[in-house]
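Listed below, chain by chain, are the residues.
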Amino acid sequence: MSETGAAAPGPRGAPGPRQGPAPDGTLPAPSGARVRVSAPAGTMLNIVRRSAPDAADTFYVHSLIRSQLRLAASVALGFLLLLVGLAVMVFTWPQINDIRLATIPLPWWILGVGVYPLIMLCAFLFNRAAARNEAKYRSIAKK
Amino acid sequence: MINPAVALLSVLLVSLATVLIAVNGLRLSRTTGDFYVASRTVKPWWNASAIGGEYLSAASFLGIAGLIVVSGQDGLWFPIGYTAGYLMLLLFVAAPLRRSRAYTIPDFAQIRLGSMKLRRLTSFLVVVICWLYIVPQLHGAALTLGISTGLPGWLGSLLVMGVVCLTVLAGGMRSITFVQAFQYWLKLAALAIPAVFLLLHLGLAGESATLGGAVFDRAADPAANQGLYYNISLLVALLFGTLGLPHVLVRFYTNPDGPSARKTTAIVLGLLALFYLFPTVLGILGRAYTPELATSGNADATVLLLPGRIVGGTAGDALTAIIIGGAFAAFLSTSSGLVVSLAGTISQDLFRGTVRGFRISTLIATAVPLLLAMGTSSLALAGAIGSVFAFTAATICPLLLLGIWWRGLTVAGAISGMVTGAVACATSLILAAALPNEAQSFHALLAQPAGWCVPLAFLVMFFVSLATRRRAPVRIDEVMARLHVPEPQAGPLP
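Line by line, the protein sequences are chains V and D.
Heads up: the first sequence runs through residues 1 to 143, numbered per my numbering.
Heads up: the second sequence runs through residues 1001 to 1494, numbered per my numbering.
Excised from the complex, chain V in its bound form (with noise of 0.2 angstroms):
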């Protein structure tokens, strides 16, 4: 919580004053004293204005948004099927207890130990693949 503990005005000033949504339809800055305390509001809470966001820039954020939907509901969507699947055969075939390593059910090794590590590996491929369509998105966009 701590730094960001900072949320909450702290002694160190009077908060700063609270920002409504503007009239003109731009964004509203979140209120108050935990804008100012940890940045200098402005700099960090308005959109960034690029000059004109042209057709070609909104182009690319889309097909960037779209790229990493994809790619997160599709790790998702594989992990939740393995998951349901697994509870769908622990409790339409029983009899899986009886196999057993070391006394201990297989149905408790899969479920106590072994789906850390394929949560692990999805965590891990998931990471490098946002990260690869986010340098795609840039070596794009700099042209």
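Don't read these hints as lab results, they were simulated from the structure.
Bear in mind that the values here come from a model prediction, so they are computed numbers and not experimental data.
Yeah, the Cβ is synthetic: ideal placement off N, Cα and C, and Gly gets one too.
Some clues are possibly wrong.
As the list claims (entries may be wrong) - If you anchor each label on the Cβ, the simulated ranges turn out as follows: (1) D:A1189 / V:V84: 32 to 40 angstroms; (2) V:A131 / D:L1274: 47 to 55 angstroms; (3) D:G1375 / V:D98: 44 to 52 angstroms; (4) V:S74 / D:E1292: 42 to 50 angstroms; (5) D:G1162 / V:Q95: 26 to 34 angstroms.
The hints should help you fit chain D onto chain V, whose structure is shown.
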């Protein structure tokens, strides 16, 4: 039995250490010129340990072993859900949320959709979630103190909330990433040392820790064996509930950028996986050596009672003292994380973020759950936390997921989806508590509502957004770019 003096000493030691470190942390944080610069120097490893320290609550420390004693194999789904919830957080939320520069979930709602009405609704839900999440921590504290010292349990709740209130009021929670990080390793050690010691002891004595495999045969109480729906619905709750936990989200701001937010989350996964090995081992030992707890309604005390049961004597006392210290570290770190998020939210929306307002909010944030905890009796810890996760999954999770990934989300859609999810989930949980658990399958639908509430909330949010498409936020392209475009790589960050 447990030696009360040793137990009390352990509790007081951990409480005192927390206060001392917090007060010293305050002094350190005053000399740090710019909070923002400081936050950029937090390494993913430290940050990950701190997140782990905050996330592993009473439900993880005491609840999982208790659940395994009561319902056997079904209990294993809880730690899987807690860990895989973090995977979902990594996949869908970590980097975009960091880039959104929101500190809290209400901030995110306002940045994304620019509506004060939505912001207030989100704040309200965050407050409810935090309160409901603190209550089981206090029940855990009451149980631990009651079992270990024989003192009335409410003293334990009072002690935890007192220490939390003191540290948060002093402002000491501000720059103590290292305290939370330390709490993770303390909790890990407090379960790992006894688990390894007990296994060694049994091994040397030539006893089988699993009674030759007999402990796995059936759940002690056949009624505790839940059906397939129950387990899958629980998984939905835990997987998608983690996404919206207010005290978890606020930590992501300490990451310098999107990629390091991802790296931190990946490390957290490793730390959680490591931690959950030990409650599982202790739960299995509990099935062998404290099986009577399964039907006594005190299964959450398994971890506390095991050392005395297996080893006894001075060694047993010492191990129990270690476990009790770790348990109080769990109550303290999770509660203080929640109280800080809670007080921040209340003070911003009720008191316009003044210092005085924050102090008053802290008092409100600690007093309400304390009264709730004293007024209610302890449920099974893991189950109570599971219900909070279900509620979060049906309210905050759709807002975050659709907000981050779908341009079409509108204010009306977000509000109606969250209200639907909240009402459906709360009604169902209240009905489940009020109705007797007779028809098994029907009752499971109410007791574990995530399986249908979460899709319902998503669908309502989606279709209402479609229907109100014309009122989509104007600057959607800029907001989406802010969430997803990677940080420029040029040069070191300021």
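A quick look at each hint next to the structure:
no. : hint                                 : verdict
1   : D:A1189 / V:V84: 32 to 40 angstroms  : 35 angstroms, holds
2   : V:A131 / D:L1274: 47 to 55 angstroms : 25 angstroms, violated
3   : D:G1375 / V:D98: 44 to 52 angstroms  : 47 angstroms, holds
4   : V:S74 / D:E1292: 42 to 50 angstroms  : 47 angstroms, holds
5   : D:G1162 / V:Q95: 26 to 34 angstroms  : 53 angstroms, violated
Of the numbered hints stated above, those contradicted by the structure are hints 2, 5, listed in ascending order.
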